[in-house]
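Protein chains: 2
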Amino acid sequence: MLRTHSCGELRSEHVGQRVTLCGWVDTYRDHGRTLFVDLRDRYGKTQIVFGPDCSAASFETASTLRPEFVVQVTGNVAHRPEGTVNLKLSTGEIEVRAESVELLNRSLVPPFYPSQTGEELPGEDLRLKYRYLDLRRPEMQQTLLLRHRMIKRMRDYADELGFLEVETPMLGRSTPEGARDYLVPSRIQQGCFYALPQSPQLYKQILMVAGYDRYIQVARCFRDEDLRADRQPEFTQLDLEMSFVGMDDVMGVVEGMMARLAKEILGLELALPLPRMTYDEAMERFGHDAPDLRFGMEIVDLTDLARECDFRVFRAAAESGQRVRGLCAPGAAGRYSRKAIDELTTWIVQDFGAKGLAWFKVEQGGTLSAPIAKNFSAEMLRRIGQRFGAAPGDFLLIVADRFETTCKALYGLRKRLGAELKLYDPSQMHFSWVVEFPMFAWVEAENCWTAMHHPFTAPRPQDRELLKTDPGKCRAQAYDLVINGSEAGGGTIRIHDQRLQQEVFGLLGIAPEQARERFGFLLEALQFGAPPHGGIALGIDRLVMLFGGLESIRDCIAFPKTQRATDLMTGAPGEVDPVQLRELGIRIAK
Amino acid sequence: MLRTHSCGELRSEHVGQRVTLCGWVDTYRDHGRTLFVDLRDRYGKTQIVFGPDCSAASFETASTLRPEFVVQVTGNVAHRPEGTVNLKLSTGEIEVRAESVELLNRSLVPPFYPSQTGEELPGEDLRLKYRYLDLRRPEMQQTLLLRHRMIKRMRDYADELGFLEVETPMLGRSTPEGARDYLVPSRIQQGCFYALPQSPQLYKQILMVAGYDRYIQVARCFRDEDLRADRQPEFTQLDLEMSFVGMDDVMGVVEGMMARLAKEILGLELALPLPRMTYDEAMERFGHDAPDLRFGMEIVDLTDLARECDFRVFRAAAESGQRVRGLCAPGAAGRYSRKAIDELTTWIVQDFGAKGLAWFKVEQGGTLSAPIAKNFSAEMLRRIGQRFGAAPGDFLLIVADRFETTCKALYGLRKRLGAELKLYDPSQMHFSWVVEFPMFAWVEAENCWTAMHHPFTAPRPQDRELLKTDPGKCRAQAYDLVINGSEAGGGTIRIHDQRLQQEVFGLLGIAPEQARERFGFLLEALQFGAPPHGGIALGIDRLVMLFGGLESIRDCIAFPKTQRATDLMTGAPGEVDPVQLRELGIRIAK
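One line per chain: the protein sequences are X and P, in this order.
At position 446 of the first sequence (counting the first as 1) the number is 446 in this note's numbering, and the numbers step up by one without a gap.
At position 167 of the second sequence (counting the first as 1) the number is 167 in this note's numbering, and the numbers step up by one without a gap.
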């Protein structure tokens, strides 16, 4: 090694030792006869003093140093002079009095510095273009260290439980189900293509058929979708599958893993088992299948009152089978001006397709006031206030619409107001499960059922007959892990019976011929002794974001892509040599 | 869980316990009133007895069982009757007397059974098509378990040393250097392509520039090459990089890792440091840069003798600057008939381009006999025998040719004879390093230099000037890990100086414009404070093959591809929907 110690290592007990450090010049101060350099590496910073101990040649070299130059310094560890000890720094009690310095490499003046934070940070495009500089920032280094530690601990935990990590292929078969595949042209079989995996789903089921019993993989997955803010074309999931299990077994393994992570990474004790809620309950209470349970402000149903009230909008909704539901924002009446409420209304209408937003403010004494209050009897207003459990100063927001629309609108409102009103501590972590998802969702536009999770999900045994009679009521053996209002992972017990699998394909409008074409090998495998099995996939990028308290998924990934799926550092994707395309037997369409 | 124990778990101490097991029917024996089933899972086999304890309904179910059916059995653990204990089986002292059985799934009659081994195994194509059955074979399960344990231990070791695992992108930029890239068309930027990584080389160097200091990754890599027997289009490497290091530091880390693996996986103590040999020495002594050091039979040089001898072929070769070199196969004179020698000669000529093969057998008394012996004086024959250290019964094989041809031919001969003559114990493991590779190899056909390793490799400091004066003599800071005659990994110290990197690109015929186009981001990164760094990549598939004593790389991979790069189970690559191609803006060339 070109060093004896790292820049984060020296303490008082090293005083008197001769050491050699390597690192980057973080700051540089010229006090004339003495030069001070903070030398930085991944492990910390150490103050270097170029003074009387330093050879003349080395002093001259030192005086040419600039930020981000790379140097090797040899010197003696000394106590810092009284009054200059820096207890905020782990190395703050000592300094290294340099005898010699070797310039290992220079740096151009960088477009930004690793010490920049918050507002001083340049725009993300510049950060991504010079990712090697951006990755020097201590925040980024802490995040990638966190990521490493989390994944290491997940693997250790699974290993202790007898899980085998098995690598499944990246060059697979295109099964146009769910999202769009990334394709890879084959050179040897021209006109044919591989697909990059959207997940190792079929392979892990095959591994269960093959008797591997407990499988995990930290798996790279790909989806060629139009990117939303928190999506990446390639992402990493902890993929897990077990044989001879029910839902509780898979959930138990994941709970143990989360408890281990929470304890070892965050120092938190998770109470197990984690709370569970059915999908239906989640939609009723929170309007969403991944509710943020760090705070209350649950959805309150007024449909029965609406049916009795004089306000036409409410009554018409209730009578036509729609729903009237609302939220009670505690103590928020004074916070939202008419203008702010108008803005909320516009947002609700435009972003969630609601017809409007009704509201009341709760006055001293408990009466509800609002322009629409005149449409309600005093008694009805009292009953509405009572239904909400409203107290003076509260702000009531109500949506009357189709059930799905009230869910979306109130979920959006609850999320926004929860943050604006600081109803929770952002550093708090809340883990829970949502279970018993519907097997199918009806796609109006295409007049067919689609799988809520994926087509390999098993129905609850007691709902088996509903497949034939009322598929929309059929509930799946499905479970989503929810952390702070984010879906951190989703799993199901799978179908292990070939006939049942065919039946579900049939319901999804996949003809037997098509099923054989796309999933033939799975259907065949199910006929050769497939065990009952199930599993889950956890989004690792998301987990790191949640554990790190970060805002952007791109900050959890070393080399992320932009929303145009571009790597600004390398310029990928790029043009290629026509020879390459000729060899692959493909042409770019004009 | 549907079981209380696995099929490999029950021992005498469980006798009297009521247990539930799940697994596959391995064997089924019908003794009329009693049925015996060996129930199998990943963990072992347990004998189940359906007899008097069994309910009538369950006995009926049991009598319908066939191999590979999946069942759940509940019963009581009992000692096996005297005389039926099977000490070869870990569960061989007990049996489970079934009370009830649940048929979890049936199986069609499989095309082959997991118990088949060796000669009974079907052809590989059938095994690959029904990979889920093939993966049930205990040998395959042991191999994937070995793979899991090896990778787990490599990660643990690196983690203890402070290495961070960082995931680098799969969707990267095509840099047509070395092998052919797999391309991925971009939908959002039509006409542009991503490339799957041939290795994370540039990203790991960027991570060093970014200050990550110690990086590892178990990385999937891709090469679109015409496949040789031991190559796969996608493969896995342990990728490692360190900053502020020299060769010895990287080699030391890898040696420690290998010692750990050897001890924990094989129970072997590796003596460290591992032996080292320069590239030049390896070529002289073994004709190859990855010599098998489990046995001797080194190459002996006769060029000086050849120059003095009367045999025209030898003398002409020696006088024209070629080489005359040979092997002494101990005690092998009696093993090779004239016909066998003719066959060896044909092989040497056809496969390695040698002009021929000269040979002698060493008679009792030490004289050399062969048809060509008459062309040599008795004294010269004595000196040749002496040079080989030959003893009666030895077999001498000699090639006179260009140096490279003698290397290839004698490497081939040594490898073949070493195996045929059983000169080593195939279960023995030998680890060593080959170092100081040439920086460049001259490509006659293209009249240019090519990089022996890759274009980012640093020359030895003392050879820096040779870049300008005699590049062919310039030696690299390069090191290959060699196990049992296989290259298990290769690494180098990298260039961290941008001007030196440009100079090496220049020597390789990469014009500045081209260099900027292909590697611009690396060249730029080197200007912003790149530390000295180096690393290595170890072939994990290969390592598993060597540690497992396996013959084929395909047996080390769960879902391998054939030499036509086809997955026989899924049928990948396959045809895709024209809509998919239209969205990507590509067409299949007619």
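Quick caveat, the hints were computed from the structure, so don't treat them as lab data.
Cβ coordinates follow ideal geometry from the N, Cα and C atoms, glycine included.
Keep in mind that the hints are not guaranteed to be accurate.
Stated by the list, open to error - Covered stretches of chain P, going by a simulated chain X footprint (3 or more residues, C-beta under 8 Å): (1) 245-256; (2) 559-565.
Said to hold, decoys possible - Pulled a few chain X residues facing chain P out of the computed Cβ check, cut under 10 Å: (3) 107; (4) 130; (5) 421.
Hint check:
no., hint, in the structure
1, 245-256, "holds (count 3)"
2, 559-565, "holds (count 4)"
3, 107, "holds, 4 Å"
4, 130, "holds, 8 Å"
5, 421, "violated, 38 Å"
Hint violations for this structure: number 5 only, all remaining hints satisfied.
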